[in-house]
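*Asks:* Residue-level listing of the chains:
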Amino acid sequence: MASTVIPANRAPAPTPKLNYLNNGHTLKSWLLTTDHKRIAILYLISVTVFFFLGGFFAMLIRLELLTPQGDLMQADTYNKVFTMHGMIMVFFFLIPVVPAVLGNFLVPIMIGAKDLAFPRINLLSWYLYIIGGILISHVMLTGGVDTGWTFYTPFSTEYTNTKIVEAGLAVFIAGFSSIFTGLNFIVTIHRMRAPGLTWDRLPLFIWSNYATSLVMVLGTPVVAITIVLVAVERLFHLGIFDPRLGGDPLLFQHLFWFYSHPAVYIMILPSMGVVSELIACFARKRVFGYKFVALSSVAIAVFGFLVWAHHMFVAGISLYAAMIFSFLSFSVGVPSAVKVFNWTATLYKGSISYATPMLYAFGFIGLFTMGGLTGLMLATIGIDVHVTDTYFVVAHFHYVMVGGVLMGYLGGLHFWWPKMTGRMYPEAWAKLSALLVFVGFNLTFFPQFILGYVGMPRRYWQYPPEFQALNVLSTAGASILAAGYLLPMIYFVWSLRYGKIADANPWAAAGLEWKTTSPPPTFNFDETPVVTWEAYNYDEIPAWERRAPVAR
Amino acid sequence: MAGQVDALYIYLLLVAGVMTALIFLAVMALAIKYRRARHPNAEQIEGSTILEIIWSVIPFFVMLTFFIWGAVIYFQERTPPADSTEVYVVAKQWMWKIEHVEGQREINELHVPTGQDIKLIMTSQDVIHSFFVPAFRIKQDVLPGRYTTLWFKATKPGRYHLFCAEYCGTQHSGMGGDIVVMEPRDYAQWMAGGPSAPLQETGKQLFSALGCATCHRFDVQGRGPNLVGLYNTDVLLEDGRMVKADENYVRESILNPTAKIVKGFKPVMPTFQGIVSDEQLNALVAYVKSLTPTGSAELQNQPAASPAQPQKMQVQ
Amino acid sequence: MEHEAHNPALLHHFADAQQQKNAASLGMWLFLVTEIMFFGGMFCAYLVYRLAHFNAFAAGSQQLSIWLGATNTAVLIISSVTVVLAVKAAEAGKRKVLVGYLVVTVLLGMTFLVIKGFEYREKFEKHHVPGATFKFTDTFDDNGKQIPVNPKEAELFFSLYFAMTGMHALHMIIGCGLFSVLAVLAWKGHYTPGYFTPIENAGLYWHLVDIIWIYLFPLLYLISRHS
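Chains as they are written, first to last, in this note's numbering: chain A, 1 to 552; chain B, 1 to 316; chain C, 1 to 227.
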């Protein structure tokens, strides 16, 4: 294959007739594709379906919690609703969303490769996700599971009579989807970078996905074996976690959280990578402290494996173990703080515009700061004893997962939408949605911090009347949030037919993905790029590129 | 103790609030000052290692203050005072069963006097529950198969919510109750109203009825170790390990006697798993704890001379 | 875009054959790491419970057939040797030798599984299979001293025994299937000195499954065995 040096400031190519979207119209060409971009679109559709399903369950929860009594549904039903909300959101939305949608699409292009290292395994990943999704949907339709997404023993092994094994199988299979995606990313980033693209020239989105993939590959197998052991105990009454047979329910918790804590870093790290890209583009400058931001991703991934028992401070672990895990949990806060400071510093002497992706990036910085700081409060054992298992924790993790992960994802989706589809979304509607999301989100979840501190436990179908006012505020916020999420659904679909046609680089952004057409051709580049420039070379992108996307 | 937790919380809120405000203000100020219209050319700044060090080290030290204060409070929370009044708690789906050592039993309510250290010794009959009293800022998971403990000292009379805080099934949210704190006078009155044998009395009866006294004798060395003065001492086992005879040890010895064989004794004790309920176990544990060498009323009914020395090892 | 002549095995998204080989190799190593983490969970459970219930574990371990276990260990080690020889044959382009070693490897793997089957049957007959039919009255032979153990804890040992060896056996079955497929493809001439990456990578997988057994054998079969 011929490769030529592409100058840093070459004008973008005109949109060709043939790109990855119209290269084959049959269903088979989509369902048997090995093109990472098509697989990303397949994921986009399926992940969105599960998001709205999980969101539907969230609405049911908030509606029930409008009143102190359990009057909308029975206790058992409510228990199933919050379990399914958690399982779907964690395993079928948050874990895959940024890597499988944005990562799949962008990782090869950003490093100048034609595809991921193992395209067929990539397709297999998607099918595993779908099979897991079908299984979990079947579980939902035939009675659901009521253990909470954390399925603690011995309740999940000896006491509940809902479909634990089938739900566990669904998560197990989806877990392999995650493992294969991570494996693919690591090999691709190590072995398939374009000539000249050294590690210190990689976009921060790549660094984040790399760190995420390390966690996916190392952590997910542990939850897989935990699920196997739970299933085996349930099916054959082996005593692995049952104290009456010499087992220990705390062993389950250790094994479960050994994955599930790093899992939250699987969720947040790619989103942080997105934010780096957005800040750089909309401040027109290289991210401040690039090296530190890159390495902080790896630090978060590593430290993330050392802190799992902070979910178990009151579970019955020893005093000294608790103190050690508390101390280690603070250490994970430092690299996260470093990122926030570096992003803020990037704004200094930048040239800042407020397109929707940047608004989401701002939202991320603010909400992740709040979520992260409340995480430090939870790491403080004296406080955790009081607020663990209350709405304080619920608020904390929604701040980082929704205020963090989801805002980063939405920002990235808006940013790369023109690249993925060749169309621009309507900016005014998008800004409105971003505002609705920000306001709705805070109204939904800030009251929950207060609810938690005054003592409302989580997973409660009914609650004492004095907690009602805050719950009503929270539900009101949820309806605004829902509107904020529904609008993009509508205008993104609208844009596919009526959106302004985007050229190769509507944002005048740096990065190899902007040097190919929108949408890209199936093999990404007409010629393999040879990289001779540093990442975020905004000083080299000439003035003529700064113009609004031209309608054709 | 609750006051200390609140003080720490306020400190954390202040620090977090200041941090959040700083970031929000910085982002907004910079975003406005350097907006495209005013500042069309961005200045490329690589970074500053000094700044990175400063804003890594300073937050780390601030976090250390969080850690230390939190750890101090936690240490106090996990260290019940030696003279605490003990109360046994058995959790089950979906209620709290309380047993005072004086014999009083309660369901979903715990009466305590003000100014008294109360230590709860808790276990679960089925799944994991969690004993949560928001007003006291305390919480502890309650596990099947072992005891966990929690202590507090109530200072103001009143009724305070008790919640289960670990999801345990259908009626998890209905598994609540109250901690009823009374002035010592009122508490004594409440205690007196209601016939119930002290927990250790029940234990003593069980000890006899179940045949424990056959082997665990107080007058001469029997087939089993003499239990007088056993509680809270160190025990040397057959395999060389030294363990502390706490509540969990006593409970385990009844349910799983072959797990820890005392040095010099044979593994002949049968298991009582399935034969004694959790409440009966609590009574037996309370009884064993009451067997002190000095002036224990329990020993007066035993025949023969002086009580045998504790831990006296005689090979059979 | 002209199409240079290349090995038919080269996939088009790779720049060249070397990149493809490096990618495949790294991918397989990463997959093996996930397998180690997967088994690691069970090893962790084993560690915790063995520390808590040593006597029962020792008693259970003494009920396993040390000879069958040792034979299986030897079988697997030999099969890893045949795997190495297969890779060398592929490298040297000796098709028939390659197929031969692949087939022998599969046969050795099946021997392992058959011996395992005998062991499982013996456990079934002695009522050592956890569940409703479990019965354990044996003691821990501590240098002649018979120490009775809690049968529930012994049941825990056997739960882990079946879980760990069962999961291992499942991986052996997959390995045998994999090597059978490779043997057929090798017979058809798919592998040349210029391209035998699948043989190498499958070999890595087989070696890992072997190493896992080498840990399982002493941990399960050799607790407190004295001469």
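For the record, the hints were derived by calculation from the structure and aren't laboratory data.
Hints may be right or wrong, so weigh each one.
What the hints assert, rightly or not - Straight line, CA to CA, 30 Å or less: simulated DSSO-like cross-link-like pairs of lysine-lysine:
{"id": "1", "chain 1": "C", "residue 1": "Lys116", "chain 2": "C", "residue 2": "Lys135"}
{"id": "2", "chain 1": "C", "residue 1": "Lys126", "chain 2": "B", "residue 2": "Lys260"}
{"id": "3", "chain 1": "C", "residue 1": "Lys135", "chain 2": "B", "residue 2": "Lys263"}
{"id": "4", "chain 1": "B", "residue 1": "Lys92", "chain 2": "B", "residue 2": "Lys260"}
{"id": "5", "chain 1": "B", "residue 1": "Lys244", "chain 2": "B", "residue 2": "Lys153"}
{"id": "6", "chain 1": "C", "residue 1": "Lys94", "chain 2": "B", "residue 2": "Lys260"}
{"id": "7", "chain 1": "B", "residue 1": "Lys33", "chain 2": "A", "residue 2": "Lys349"}
{"id": "8", "chain 1": "B", "residue 1": "Lys266", "chain 2": "C", "residue 2": "Lys126"}
{"id": "9", "chain 1": "B", "residue 1": "Lys263", "chain 2": "C", "residue 2": "Lys145"}
{"id": "10", "chain 1": "C", "residue 1": "Lys88", "chain 2": "B", "residue 2": "Lys244"}
{"id": "11", "chain 1": "C", "residue 1": "Lys188", "chain 2": "C", "residue 2": "Lys94"}
{"id": "12", "chain 1": "A", "residue 1": "Lys163", "chain 2": "B", "residue 2": "Lys92"}
{"id": "13", "chain 1": "C", "residue 1": "Lys126", "chain 2": "C", "residue 2": "Lys21"}
{"id": "14", "chain 1": "A", "residue 1": "Lys291", "chain 2": "B", "residue 2": "Lys153"}
{"id": "15", "chain 1": "B", "residue 1": "Lys260", "chain 2": "C", "residue 2": "Lys21"}
{"id": "16", "chain 1": "B", "residue 1": "Lys33", "chain 2": "A", "residue 2": "Lys431"}
{"id": "17", "chain 1": "C", "residue 1": "Lys188", "chain 2": "B", "residue 2": "Lys266"}
{"id": "18", "chain 1": "B", "residue 1": "Lys260", "chain 2": "C", "residue 2": "Lys135"}
{"id": "19", "chain 1": "A", "residue 1": "Lys515", "chain 2": "A", "residue 2": "Lys349"}
{"id": "20", "chain 1": "C", "residue 1": "Lys126", "chain 2": "C", "residue 2": "Lys96"}
{"id": "21", "chain 1": "C", "residue 1": "Lys96", "chain 2": "C", "residue 2": "Lys21"}
{"id": "22", "chain 1": "A", "residue 1": "Lys515", "chain 2": "C", "residue 2": "Lys135"}
*Asks:* None of the hints should be skipped; say for each whether it holds.
*Replies:* Against the structure, the hints come out as follows:
no., hint, result
1, C/Lys116 - C/Lys135, "21 Å, holds"
2, C/Lys126 - B/Lys260, "27 Å, holds"
3, C/Lys135 - B/Lys263, "28 Å, holds"
4, B/Lys92 - B/Lys260, "28 Å, holds"
5, B/Lys244 - B/Lys153, "26 Å, holds"
6, C/Lys94 - B/Lys260, "62 Å, violated"
7, B/Lys33 - A/Lys349, "9 Å, holds"
8, B/Lys266 - C/Lys126, "27 Å, holds"
9, B/Lys263 - C/Lys145, "14 Å, holds"
10, C/Lys88 - B/Lys244, "60 Å, violated"
11, C/Lys188 - C/Lys94, "13 Å, holds"
12, A/Lys163 - B/Lys92, "23 Å, holds"
13, C/Lys126 - C/Lys21, "50 Å, violated"
14, A/Lys291 - B/Lys153, "52 Å, violated"
15, B/Lys260 - C/Lys21, "57 Å, violated"
16, B/Lys33 - A/Lys431, "21 Å, holds"
17, C/Lys188 - B/Lys266, "69 Å, violated"
18, B/Lys260 - C/Lys135, "22 Å, holds"
19, A/Lys515 - A/Lys349, "26 Å, holds"
20, C/Lys126 - C/Lys96, "45 Å, violated"
21, C/Lys96 - C/Lys21, "23 Å, holds"
22, A/Lys515 - C/Lys135, "70 Å, violated"
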